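**Student:** Residue numbers (the working numbering), protein chains in the order written: chain A, 575 to 760; chain B, 575 to 760; chain C, 575 to 760; chain D, 575 to 760; chain E, 575 to 760; chain F, 575 to 760.
Just so you know, these hints were derived from the structure itself, not from any lab.
These numbers come from a predicted model, not from an experiment.
Careful: at least some of the hints might be erroneous.
Heads up, the list lumps identical chains together, so a pair's fine if it works in one copy or across two of them.
To be verified - The calculated BS3-like cross-link candidates involving lysine-lysine, where the alpha carbons are at most 27 Å apart (straight line), are: (1) K684 / K750; (2) K703 / K750; (3) K684 / K755; (4) K680 / K750; (5) K684 / K703; (6) K755 / K680; (7) K703 / K680.
Protein chains: 6
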Amino acid sequence: MELNFAVLVNGFVCKNANMVSADDFLFRGLDNPRNANNMLGSVVTPVNVMQLAGLNTLGISMARIDFAPYGLNPPHTHPRATEILVVLEGSLYVGFITTGNQLFYKTLEKGDVFVFPKALVHFQQNVGKGNAVALAALSSQNPGTQQIARSLFGATGPVDPSVLAKAFDIDSNLVKLLQAKFAASG
Amino acid sequence: MELNFAVLVNGFVCKNANMVSADDFLFRGLDNPRNANNMLGSVVTPVNVMQLAGLNTLGISMARIDFAPYGLNPPHTHPRATEILVVLEGSLYVGFITTGNQLFYKTLEKGDVFVFPKALVHFQQNVGKGNAVALAALSSQNPGTQQIARSLFGATGPVDPSVLAKAFDIDSNLVKLLQAKFAASG
Amino acid sequence: MELNFAVLVNGFVCKNANMVSADDFLFRGLDNPRNANNMLGSVVTPVNVMQLAGLNTLGISMARIDFAPYGLNPPHTHPRATEILVVLEGSLYVGFITTGNQLFYKTLEKGDVFVFPKALVHFQQNVGKGNAVALAALSSQNPGTQQIARSLFGATGPVDPSVLAKAFDIDSNLVKLLQAKFAASG
Amino acid sequence: MELNFAVLVNGFVCKNANMVSADDFLFRGLDNPRNANNMLGSVVTPVNVMQLAGLNTLGISMARIDFAPYGLNPPHTHPRATEILVVLEGSLYVGFITTGNQLFYKTLEKGDVFVFPKALVHFQQNVGKGNAVALAALSSQNPGTQQIARSLFGATGPVDPSVLAKAFDIDSNLVKLLQAKFAASG
Amino acid sequence: MELNFAVLVNGFVCKNANMVSADDFLFRGLDNPRNANNMLGSVVTPVNVMQLAGLNTLGISMARIDFAPYGLNPPHTHPRATEILVVLEGSLYVGFITTGNQLFYKTLEKGDVFVFPKALVHFQQNVGKGNAVALAALSSQNPGTQQIARSLFGATGPVDPSVLAKAFDIDSNLVKLLQAKFAASG
Amino acid sequence: MELNFAVLVNGFVCKNANMVSADDFLFRGLDNPRNANNMLGSVVTPVNVMQLAGLNTLGISMARIDFAPYGLNPPHTHPRATEILVVLEGSLYVGFITTGNQLFYKTLEKGDVFVFPKALVHFQQNVGKGNAVALAALSSQNPGTQQIARSLFGATGPVDPSVLAKAFDIDSNLVKLLQAKFAASG
Chain A
575 MELNFAVLVN GFVCKNANMV SADDFLFRGL DNPRNANNML GSVVTPVNVM QLAGLNTLGI
635 SMARIDFAPY GLNPPHTHPR ATEILVVLEG SLYVGFITTG NQLFYKTLEK GDVFVFPKAL
695 VHFQQNVGKG NAVALAALSS QNPGTQQIAR SLFGATGPVD PSVLAKAFDI DSNLVKLLQA
755 KFAASG
Chain B
575 MELNFAVLVN GFVCKNANMV SADDFLFRGL DNPRNANNML GSVVTPVNVM QLAGLNTLGI
635 SMARIDFAPY GLNPPHTHPR ATEILVVLEG SLYVGFITTG NQLFYKTLEK GDVFVFPKAL
695 VHFQQNVGKG NAVALAALSS QNPGTQQIAR SLFGATGPVD PSVLAKAFDI DSNLVKLLQA
755 KFAASG
Chain C
575 MELNFAVLVN GFVCKNANMV SADDFLFRGL DNPRNANNML GSVVTPVNVM QLAGLNTLGI
635 SMARIDFAPY GLNPPHTHPR ATEILVVLEG SLYVGFITTG NQLFYKTLEK GDVFVFPKAL
695 VHFQQNVGKG NAVALAALSS QNPGTQQIAR SLFGATGPVD PSVLAKAFDI DSNLVKLLQA
755 KFAASG
Chain D
575 MELNFAVLVN GFVCKNANMV SADDFLFRGL DNPRNANNML GSVVTPVNVM QLAGLNTLGI
635 SMARIDFAPY GLNPPHTHPR ATEILVVLEG SLYVGFITTG NQLFYKTLEK GDVFVFPKAL
695 VHFQQNVGKG NAVALAALSS QNPGTQQIAR SLFGATGPVD PSVLAKAFDI DSNLVKLLQA
755 KFAASG
Chain E
575 MELNFAVLVN GFVCKNANMV SADDFLFRGL DNPRNANNML GSVVTPVNVM QLAGLNTLGI
635 SMARIDFAPY GLNPPHTHPR ATEILVVLEG SLYVGFITTG NQLFYKTLEK GDVFVFPKAL
695 VHFQQNVGKG NAVALAALSS QNPGTQQIAR SLFGATGPVD PSVLAKAFDI DSNLVKLLQA
755 KFAASG
Chain F
575 MELNFAVLVN GFVCKNANMV SADDFLFRGL DNPRNANNML GSVVTPVNVM QLAGLNTLGI
635 SMARIDFAPY GLNPPHTHPR ATEILVVLEG SLYVGFITTG NQLFYKTLEK GDVFVFPKAL
695 VHFQQNVGKG NAVALAALSS QNPGTQQIAR SLFGATGPVD PSVLAKAFDI DSNLVKLLQA
755 KFAASG
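Please model the complete structure; the sequences and the hints are all you need to start from.
**Tutor:** Here it is in structure tokens:
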């Protein structure tokens, strides 16, 4: 697979079959712990078609999530994928919200598996005292991620404060404050 | 189509073909203005497989959106559908946010058409002095809607305040205040 | 989206994501009445991937249909789409024919919605005294349209008259007369 | 999940896997010539999910077409399938009409293969002196067939003559005559 | 359709619609018997998107299979397709193996039709005294074929003998012997 | 298939949405090592729709694979899924065979990720001195598994020895011996 083409198609243009080799299907190093000492206390290491070209058209990808103590993978969606997650280390409070506005949540321990249905808002929070690690698989080679708070308050544009003030039922000045914070941390 | 079955499948169970009639493909009254004098100043009238059983398996649906002056159809997603919208009356400030965290927005006048790609966060706000009306079509007979602010702060569960405090970088007490407001208005 | 490429794929080649802007998702002017004073008394204004490049791969499109008094959108199919239609103005006699050879029809008034399932023959006729206008949405960004009478009697080729004479159980001379009319009006 | 119900779904309900046997995947006798001495001079023997239950969900089916001398399989569509056809015996004039209103046609001899893309109007006519036989495969277990002339002029309903008169640019009396003929031969 | 492009996509790049003609949808000569006097006693003549470019994106293809007496189309899979097969001449012992490890088999005579579900291991053996001929259709324009014995023992690589010895519960020397035979006959 | 059955659908019938709870999306205990001291030296712990009902219709599943020293997950296919695998512990020699009959293989260490495209024959072998563990995700909630050697030589049926003798170019007596071994170990 060749990712630097001028011509893009749905997903990516494929290499000529004769030029493909086993290396196109390999990604190394997902066991490396990543430093999650950022503001949210979590870091995602994706292994999708951007990192592993052989996934192109095959409808699946992976990600590793490292959590610092109390770290949060904040509410987000994957517009094109369901996620299935297994805890490798630590304890996670996880949940997704249905279109009926109900939170489905569990506290997961090592070895527990949970499903986040396609495109629904979901999150994972480390509720143990040490680090936590999870491995996730997603039902698309290019699932996309939309972090909700950053999308709304940190989008380049930005979203008009009156929209966010009314949607969240908060003061416009608070909206502007939040937009400034997200702009600074972007 | 029979929508009151105990057994649900992907979507809904179909009527026996011999029992289907033209009435199963008809919905009346989408021209009726709806009163949008609620907190947000907007009201959505869906015409999907719940209201129009003949849409089952056919991959499309409609909705009418009425806006009071300054009314807002707040940031939301359709987990299973792209939306295409045309303005029938008034002026709308509309936008969606990409997975690259960029706001794509326009001010639409009567007759303008805009596209909101599958499952991305988007909104529409009436920026004219009078009422506004839009007609939307969605690429699923059962698109689903997830209103973002209400999902996060008003979900039955509820979401643990520490998740929302960290995600939005706000105080836990503000989170609890917002959760109380959304619970009251739910 | 770039529609003038030498290389075409399923649908169209996508622009590089960095070059896309909000303009790619906007189409203006669908509120403009179109003159339907042609032979059939109807005119279709499509808003699909040809007119609105941002629809590419997103599985939906729109169209406006203007009818003169007694105007007809004649029997046709969309090979790749279901259609959902709402009447904006006037009264329409509409119908589709099932594979079991049954006509499902209704007379629609302003605000009525009707569904024409994927690829089945269907039509709409203005049965009011004034103009009529309908808005349709289709479950493909590139639905295609095959007007039945014109396909059969007006195709460049043309279809051998003996095929049409036998299929419609009419005289070959009548076939040739019809072919000449459609050729002249093409 | 609840597995014990009496229902119809998209297509057909599947047998319990334990009850399935090789007989569910077998259909016998497609080599039997069928008498095509009817008005059109052709007869289709379908082998789809109605005749061969094991095809359910598998996305393919077959049909045999027998032609009397000068027999015609008249213009029709398969709303849910592409067709690929091979001539087993005789000579066939075949064609389909594109959405650009162009006839693509060929005269096929024994062993020739032709493709009729999804849902487009197409036909096959025996142009040899003897019988002809073709074998077709379709890209759906339930492709459906809509015979164009019979749909329009013979549908139970029926279609209002004014629609057909205007669409075909013929006199209403001729429409009524044709409707009477198709009703009689239905 | 143009198959010699530098840019490949899912399947193949399409010709510009204006350059397509009826010839792109035609393949001639599938009635020609092929010589099956090879080691296995069978030969497959494919008619897929490689031979018939008009099939691109249309989800179907064909193949003719010629069998010498006692000839075998050995156990294989089509990773992307279901197969439906009809016997044109002779008697075939055919079967497929389910994921529950059950053989579903039949002896087919002329005119019998059998289904081999998507991607399952299946085979056909001539059990009559003369030649046999079958026609197959597949639910993909590019179904792919993986001959099982040749894949395992004849792959360029090759597969490490210890894998095959353990999988088949045979001696490593036998594995090496088989690998040598397949390499010689490749 | 019978249409009046107590029923299965594509996948499984869904619970009424009101009856679904977070427990339907949870599976516990995938961290438990499993004893792989069987003939092949490997054991697979699936987490698909059979074990985790909430996966229904969502297009993804997981599995854990435990390997004893020198243990083998023998050549097999998943008829309905691509697999992406990450090594949690140990060293694995892995490979898949293309439809062009080429082995794509790698030796994976802890943290390495490899892709096995949809429905192609593939295998994993422990080449380290200790146990090995891998986690796999599959692009279907019901991927199915077809173990090649056991399918061919151990299917209930069984496959006629002459088919296997000719396919593998081995003696019929060896085929019968292998069939007896697989029958005994089934």
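**Student:** Now tell me, hint by hint, if it's right for this structure.
**Tutor:** Hint-by-hint comparison with the structure:
| no. | hint | result |
| --- | --- | --- |
| 1 | K684 / K750 | neither (40 Å within a copy, 30 Å between copies) |
| 2 | K703 / K750 | between (34 Å within a copy, 25 Å between copies) |
| 3 | K684 / K755 | neither (35 Å within a copy, 36 Å between copies) |
| 4 | K680 / K750 | between (34 Å within a copy, 21 Å between copies) |
| 5 | K684 / K703 | both (14 Å within a copy, 26 Å between copies) |
| 6 | K755 / K680 | between (31 Å within a copy, 25 Å between copies) |
| 7 | K703 / K680 | within (18 Å within a copy, 38 Å between copies) |
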